[in-house]
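Please arrange chains B, C and D on chain A, whose structure you already have, making use of the hints.
Protein chains: 4
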Amino acid sequence: MIISQLSIAPVGEGVSLSKYIKEVVRILNKSGIKFKTNPMSTIIETKDLISLFNIVENLNEELFKLGIRRVITDLKIDFRMDKNATMETKLKSIN
Amino acid sequence: MIISQLSIAPVGEGVSLSKYIKEVVRILNKSGIKFKTNPMSTIIETKDLISLFNIVENLNEELFKLGIRRVITDLKIDFRMDKNATMETKLKSIN
Amino acid sequence: MIISQLSIAPVGEGVSLSKYIKEVVRILNKSGIKFKTNPMSTIIETKDLISLFNIVENLNEELFKLGIRRVITDLKIDFRMDKNATMETKLKSIN
Amino acid sequence: MIISQLSIAPVGEGVSLSKYIKEVVRILNKSGIKFKTNPMSTIIETKDLISLFNIVENLNEELFKLGIRRVITDLKIDFRMDKNATMETKLKSIN
Numbered sequence: 036m037i038i039s040q041l042s043i044a045p046v047g048e049g050v051s052l053s054k055y056i057k058e059v060v061r062i063l064n065k066s067g068i069k070f071k072t073n074p075m076s077t078i079i080e081t082k083d084l085i086s087l088f089n090i091v092e093n094l095n096e097e098l099f100k101l102g103i104r105r106v107i108t109d110l111k112i113d114f115r116m117d118k119n120a121t122m123e124t125k126l127k128s129i130n
Numbered sequence: 036m037i038i039s040q041l042s043i044a045p046v047g048e049g050v051s052l053s054k055y056i057k058e059v060v061r062i063l064n065k066s067g068i069k070f071k072t073n074p075m076s077t078i079i080e081t082k083d084l085i086s087l088f089n090i091v092e093n094l095n096e097e098l099f100k101l102g103i104r105r106v107i108t109d110l111k112i113d114f115r116m117d118k119n120a121t122m123e124t125k126l127k128s129i130n
Numbered sequence: 036m037i038i039s040q041l042s043i044a045p046v047g048e049g050v051s052l053s054k055y056i057k058e059v060v061r062i063l064n065k066s067g068i069k070f071k072t073n074p075m076s077t078i079i080e081t082k083d084l085i086s087l088f089n090i091v092e093n094l095n096e097e098l099f100k101l102g103i104r105r106v107i108t109d110l111k112i113d114f115r116m117d118k119n120a121t122m123e124t125k126l127k128s129i130n
Numbered sequence: 036m037i038i039s040q041l042s043i044a045p046v047g048e049g050v051s052l053s054k055y056i057k058e059v060v061r062i063l064n065k066s067g068i069k070f071k072t073n074p075m076s077t078i079i080e081t082k083d084l085i086s087l088f089n090i091v092e093n094l095n096e097e098l099f100k101l102g103i104r105r106v107i108t109d110l111k112i113d114f115r116m117d118k119n120a121t122m123e124t125k126l127k128s129i130n
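Chains as they are written, first to last, in the working numbering: chain A, 36 to 130; chain B, 36 to 130; chain C, 36 to 130; chain D, 36 to 130.
Looking at chain A on its own, in the form it has when it is part of the complex (with noise of 0.2 angstroms):
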């Protein structure tokens, strides 16, 4: 599995961003996407970087549709081959 790290957020939209984080979260789970939201970012788990893209693109392009004008995504990926690691077994492995 791959698992990243995702923020993804609109400029120019006020000080507080908590309404479009909610719609964020919103697709998130309509997509049936395994994820989980922490206080700076969304760390997701895919099978491919296909899926994961396919994710940040459907992002955006619904951030745009509510009126907003400009985002700024942030992606870390984690693509590994020597272990299918999981978003559980990486958490796992440092406590």
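Keep in mind that the hints are not guaranteed to be accurate.
Where chains are identical, the list cannot tell them apart; a pair therefore holds if satisfied intra-copy or between any two copies.
In silico lysine to aspartate or glutamate, EDC-like type, Cα no more than 20 angstroms apart, as pairs [stated by the list, open to error]:
1. Lys82 <-> Asp117
2. Lys71 <-> Glu123
3. Lys54 <-> Asp83
4. Lys127 <-> Asp117
Hints are computed from structural coordinates only; laboratory data are not their basis.
Positioned in the frame of chain A, the structure of chains B, C and D alone reads:
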């Protein structure tokens, strides 16, 4: 409070980094700082930037003491003056 | 245009990564995409998200073909609808 | 030397951030620090972590003085002990 997202990783020490992340978690625990580890990074809450930077400097130093020759630190800082956000209030606002 | 910042690095392949970054630059050159490398990352300009994601996927695949077992990709995407920014206009606007 | 990648951006101050990035560049120029701006971030070279953190703290303070209420700082630090890399040697090694 300042909410930050930190990942700190040695370069050139093998494919598995969990040994070093465990050391990072051990140092954070000893420091008394408020933090929460997820599969991709550690969320840290500090009262000011100096407390945060002291921790990051200390973590770099301790990793070099282990014989590591190169360390990449990835840090994202959310500093807001308009309200006193904590890790809990920030996460609650989007759920 | 979409302006992105990309860094892609193998994990566990020694302290020096320049051999792999050279390979990344070679692939980017061959792709015909518009990019510029700096000491920490590569700035990429694409007309849409799909062109960008195709490149990132291709780079991951090529690195795995070299025998690398783990790849960390760090990607920041600036997607704006309000004007047609390029790498040049964006840099000019701050100088 | 320590090579870092910094982006610092106000939240909630409109779609265009160039006014604030200009202010960041003005402060960096006055500081005497070695840096180079690209379309997505600023590459900084410092002799130690303290010099870097002083700059980041100063930039946050100056942005808040302008009336900004929330600042997001994105910082990636490449700290290596095995050789004395500079912005120039690092870029030369991949070309």
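Status of the hints after comparison with the structure:
In the homo-oligomer, the alpha carbons of lysine 82 and aspartate 117 lie at most 20 angstroms apart inside one protomer (14 angstroms), although the nearest pairing across protomers, at 34 angstroms, exceeds that limit. In this assembly of identical chains, the alpha carbons of lysine 71 and glutamate 123 lie at most 20 angstroms apart whether taken from the same copy (11 angstroms) or from different copies (15 angstroms). In this assembly of identical chains, lysine 54 and aspartate 83 lie within 20 angstroms of each other by CA distance neither inside one copy nor across copies; the values are 29 angstroms within and 26 angstroms between. Taking identical chains as interchangeable, the C-alpha atoms of lysine 127 and aspartate 117 lie at most 20 angstroms apart only when both belong to the same chain, with a minimum of 17 angstroms there against 32 angstroms between chains.
The structure shown violates just one earlier hint, number 3.
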